[in-house]
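Residue-level listing of the chains:
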Amino acid sequence: MALLSRRPVAPLEYTRKAWMRLWIAGVMVFLYAPLLVLMVFSFNDSKRNVVWRGFTLKYYEKALNNDGLIEALVNSLTIAALATVFSVVLGAMAGLMLWRFRFPFKGAVEGALSLPIIVPEICMGVAMLIFFAKVQWPVGLPWPLNLSAITIAHITFCFPFVALVVRSRMASFNREQEEAAKDLGASEWATFRDILLPHMKPGLIAGALLAFTLSLDDFVITFFTSGPDTVTFPVKVYSMVRFSVTPEVNAASTILILLTIALTAVALKLQGVKAIADAH
Amino acid sequence: MPDPAQPIIQIRNVTKRFGKVTAVDNVSLDILAGEFFVLLGPSGCGKTTLLRMIAGFELPTEGQILIDGQDMAGIPPNKRPVNMVFQSYAVFPHMSVADNVGYGLKIAGTGRAERDERVREALELVKLHGFADRMPDQMSGGQRQRVALARSLVMRPKVLLLDEPLSALDAKLRAQMQFELSELQDQVGITFVTVTHDQDEALSMAGRIAVINKGEVAQLAAPSDLYEYPANRFVADFVGSVNLFEGKLTLDEADKAAVDCPGLGRVYLNHGVTGPHGADVWIALRPEKIYLHVPGEGKAIRAAAQDAPDGYNLARGQIKGMSYLGDITLYEIKLDGGPMIRVSRPNLSRRDQEHFTWDDRVSMHWRADSPVVLLN
Amino acid sequence: MSLQNWQEHKRPFAAIAGAPILWLALFFIVPMAIVWAYSFGENSGAADIVISGTLHNYKRAIEALYLSIFFKSLAVAALVTLICLIVGFPVAMAITFASDKWRPWLLLGVMLPFWTNLLIRTYALMTVLGGNGYANKALGALWGSASWLRTLVGLQPLEVWTPVQLLYNNFAVVLGLVYVHLPFMVLPLYSALDRLDRSLIEASLDLGAGHLRTLSRIVMPLAAPGIFAGIMITLIPALGAYLTPDLMGGTDSQMIANVIERQFKRANDWPFGAALSFMLIYAMFALVALQSLRGRRKPAQVH
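Chains as they are written, first to last, in my numbering: chain Y, 32 to 311; chain D, 9 to 384; chain P, 64 to 366.
One should not assume that every hint holds.
Take a look, some chain D residues computed to stay more than 12 Å from chain Y by CB distance [stated by the list, open to error]: (1) 69; (2) 87; (3) 110; (4) 137; (5) 140; (6) 324; (7) 330.
In silico DSSO-like links for lysine-lysine, alpha-carbon gap of 27 Å or less [said to hold, decoys possible]: (8) 122(P) to 232(Y); (9) 114(D) to 180(D); (10) 73(P) to 28(D); (11) 328(D) to 297(D); (12) 28(D) to 166(D); (13) 222(D) to 137(Y); (14) 297(D) to 256(D); (15) 135(D) to 114(D); (16) 122(P) to 137(Y); (17) 87(D) to 135(P); (18) 73(P) to 165(Y); (19) 164(P) to 165(Y); (20) 232(Y) to 256(D); (21) 137(Y) to 48(Y); (22) 165(Y) to 232(Y); (23) 222(D) to 180(D); (24) 300(Y) to 164(P); (25) 232(Y) to 328(P); (26) 48(Y) to 135(P).
In short, the hints are calculated from the structure, not lab data. Every value quoted in this text rests on a predicted model; they were computed, and no experiment measured them. No residue lacks a Cβ here, since even glycine has one placed at the ideal position from N, Cα and C.
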């Protein structure tokens, strides 16, 4: 960061102009300051958030001993993991279908697949609420079966995103590679396994990360599909924020932020920054 | 070695339509075992479709393709005894060079030891020893092409198909690879079928060339025959550079013929042609077969008179353009009769190009065996 | 290379097309259809809903009260989108023209919040904006220094700083929505600018245009599809936002999603809620149609 560098600024080096740097710095502060404050004050030995009264881990202890909160977190992670697996499989199939085939009503299928992405969350939440009530989806099942309704809802809004990512990844595939494999004697399945799948892999990883994040992140749709015994982390935090602000929420949030960062780091390790950026 | 007289590939009345477009139109040709066969034509002429039908990636709408006497109908690409080098090379980017080359053998279930040995041999053949562990993205375009070649050759196919193999290489590398490909073909004795739009490439590598135009075979001949005895205007114009003049056949006997070309003059040939008297024909005259003279020396007339009657095979004009290309100089000359004619002249000495320059008046002559009479 | 016709490859097609299409039909199209049917129904008794084909719910939805909430939502969403565009465009430009070393990290900087839980981000912003939060403290400090400056030049000091209400009002809702949606805007803008041929900008500068004129006459028109995509990707979720107005808004800042939620969770008027939902969906369709209309017109101009 040579803000005062003597090297002359070339015409297109907009990023090296001072006002541009100030602007970016401002945006980054806007984006990150609230999160940093939240994280720092999760270690603050005070009931009220604003004054620093010394370092403590007691809210982490409290959060980790809050059975409701832990249960919600476990529920969220379970749902996210299941939704990711199903979404990746369904999304990869849908992406391949759209990339590969010409079939009747393709436009309609394509449009329908993009609907879960554009329909407002609230409408989808409402639809899920009515649907599961209407079909009398069994409630009160033992864990983890009681999460099935939420998981189904999550898969429904996650897999079209995966399809999108997979399809755009496949657009860069050179079909001659597939022909080359067949030319060398590979069957349809061997070609898929040896050539298509390796090309698709970055898209699958990006799609999986996206699905996992979307599922973990979702509040509105879950809010409409969850019952009293199927509280997820966002729903739990919502009720805590809504009814009693406690530093426990800061601690729990910090844990989840760190989890996000860890996940991002894993993704970076797997794919490199560029590939992650390209996936979006 | 397969019997050289036996056609390894027989294409019988093959037609391929894509919807309303006819890409290949009733083509029949035989490709002989062990030859270097080139399909030459402009882009979109159907030559690649023909190649892909041999490989099995496209199915003929009508007709039959036989490889080594066996009908290929219903046989998928992975079961055909041919291998292909793709235009983009299609080297698998996630596999090392050795894994790329060994892929076909692995699919075929060849044992590890034999596979390694054959991969090593193939890499040696294309001069890539020591590259086995490289990844494709660490290699140049030329090297990737060698990988693609090795990957196909290692399969010991009956026929190797090459789709525009040199089009992605720069000029220098292309010239070198042309030479190496012919050499390689000699060495392994496999039939090569290459598709290209580049006439230089075709002429330098091929044993026989099929010129394809609009889905049909325009001419099938050895390179020198194709160049010196084109069968029609398309081939004359597509292969090399040519001057074409329309004219009327005024004389046609067993050992001589004459054509009257408005604009060019009277053209005499020292051999007969087969065409009705007075028919509309075309004269094709290659630029390098025309001699330039300073007018008024009388030399041109004397030189021309040696093998043609007086007043034939002569023309006069004015130089309107010239481009110095190093080995030759190209002249654009406006004939006194109206049309333009292209003449090339080798620069045999360092200052040769200075003999003629813009706006100079020049005389031309050509030999009686140089013009080609074309009926269509 | 062209697409394969499904009829020539029936088995692979069936193998990959069946599951996603079936899933989508069963768990998305059917639920949506039920909501749609409910929007023409009425409550009968405590828990039963009869689909009577009535238009009553839609009539109620276009009453002044709900229509004004609807238009207010649209206005808030539009304002949020505009702010995101103004704030995000320079950021996208900066990322595009950053050195290869910095570009991925800047991108990551924009994307990391996008991956962080929405609820947590809203909560974090609330803590900062609260009555005793840092935003108020910073403003107070500014006020204090201004006051001190006045005393330096011999003026009366300002009155004592009283914390301003930054939370639970419309301002908080707009700020919260900008905070949440900014990454949505930057990413499509970036991908449009990244695709732009740099030599076009250089040509413009070379032909004598200044940076500002190059921006307005060359960069903006060419990045228009990306700008439009960014607008859509921000406007649509902002219009249907539930969480931000719910947590950060005051009594007068509820948006359409909050009204819908109330019909289901509190007022228990499902048919009316269904009708409101579909009003929102129709609005989305209109926006998307607008976008595709634009997309179709674009190539026509080139020819």
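### Query
Holds or violated: residue 114(D) with residue 180(D), Cα cutoff 27 Å?
violated, 35 Å
### Message
Given the hinted pair residue 232(Y) and residue 328(P), is their Cα-Cα distance within 27 Å?
### Response
Violated, at about 42 Å.
### Query
Holds or violated: are the alpha carbons of residue 28(D) and residue 166(D) at most 27 Å from each other?
violated, 34 Å
### Query
Is the nearest CB of chain Y more than 12 Å from the CB of residue 137(D)?
With a cut-off of 12 Å, residue 137(D) remains clear of chain Y, as the shortest Cβ separation is near 21 Å.
### Message
Need the status of pair residue 73(P), residue 165(Y): alpha-carbon distance at most 27 Å?
### Response
Distance ~35 Å between residue 73(P) and residue 165(Y) Cα, so the pair is violated.
### Task
Please settle this one: residue 324(D) was flagged as non-interface, so is its CB more than 12 Å from every CB on chain Y?
Label holds. Min Cβ-Cβ 54 Å, cutoff 12 Å.
### Task
Mind checking the alpha carbons of residue 232(Y) and residue 256(D) for me, to see if they're no more than 27 Å apart?
violated, 68 Å
### Status of residue 87(D), Cβ more than 12 Å from any chain Y Cβ
Non-interface label on residue 87(D) violated, nearest chain Y Cβ at 8 Å vs cutoff 12 Å.
### Query
CA of residue 87(D) to CA of residue 135(P), is that 27 Å or under?
Since the Cα atoms of residue 87(D) and residue 135(P) sit roughly 67 Å apart, the hinted pair is violated (cutoff 27 Å).
### Task
Test the statement that residue 140(D) is away from the interface with chain Y: the closest C-beta pair must be farther apart than 12 Å.
holds, 18 Å
### Query
Would you say residue 69(D) is clear of chain Y, with no C-beta pair closer than or equal to 12 Å?
holds, 19 Å
### Task
Sort out whether residue 297(D) lies within 27 Å of residue 328(D), counting only the CA atoms.
holds, 19 Å
Of the numbered hints given earlier, the model fails hints 2, 3, 8, 9, 12, 13, 16, 17, 18, 19, 20, 21, 22, 23, 25, 26; all others are met.
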